[in-house]
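Student: Working from the sequences, and respecting the hints, build out all of it.
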Amino acid sequence: MENTATRHGDDVTEQALRTLDGCPDPRLREVTAALVRHLHAFVREVRLTPEEWMTGIQFLTRVGQKCDAIRQEFILLSDTTGVTMAVDAVAHDDLPNGATASSALGPFYTQDAPEIAQGASIARSGKGEPARIRGRVLDLRGAPIAGALVEAWETDGEGSYDVQYVDRGEPDYRGHLRTTADGSFEFLAVKPVSYSVPTDGPVGELLRALHRDAMRPAHVHL
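Under this note's numbering, the letters of the sequence shown match residues 820 to 1041, in that order.
No wet-lab data here; the hints were simulated from the structure. Given the structure is predicted, the values throughout are model-derived calculations rather than measurements. Since no wrong hints were added, every one of them can be taken at face value.
Straight line, CA to CA, 25 Å or less: simulated DMTMM-like cross-link-like pairs of lysine to aspartate or glutamate:
#	residue 1	residue 2
1	Lys1010	Glu948
2	Lys946	Glu970
3	Lys885	Glu989
4	Lys946	Asp931
5	Lys946	Asp1019
6	Lys946	Glu1005
7	Lys885	Glu871
8	Lys946	Glu989
9	Lys885	Asp898
10	Lys1010	Glu970
11	Lys1010	Glu977
12	Lys1010	Asp1032
13	Lys946	Asp986
14	Lys885	Asp1032
15	Lys1010	Glu989
16	Lys885	Asp931
17	Lys1010	Asp986
18	Lys1010	Asp898
19	Lys885	Glu870
20	Lys885	Asp1019
21	Lys885	Asp986
22	Lys1010	Asp931
23	Lys946	Glu977
24	Lys1010	Glu934
25	Lys885	Glu977
26	Lys946	Glu934
27	Lys885	Glu1024
Tutor: Below, the structure written as structure tokens:
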């Protein structure tokens, strides 16, 4: 017996794909067509109900409403579903042997970090146990790279990024500097602590529903 539901679903997918035939941008057409195919396949695989579809729409709407100039709930959703690291891995799958592995910026990176001098502190409010961070930037042959841009950001000693404070007046616990002639850099920070990702939004609700741990290990972004 022919499965008319599957046939109808295939027809809907083909019709949606045909609407893209006139797109003049080949890359946009390629990406959108793949997205349509995968989304339709997902719907058929899990046999998504109209009620579940609406729940998903409302969830994504609330994710967008939680975003502002500083907070990016969609990046947090991307991070917690592994999409961010998957994109980063694809973008850097041609790194040569011996190169430092790439990593995602995460939802708390900002572009307003101030420039600091060698040995200066990125922790202006000093909330936390002091720590000194130093390193060198070298090429694949081990030769130093002078003038390399080093950006650093972290939470304070209480596990919160500056952008999580409603009264944030200026960037804190973040800064950038350039390596010296021998490729070295050094700055002061605070000893990193473990912390929870933001759970006051829809992504937090999803994590709780999935019984997932929201904690991250102590780290400094570099």
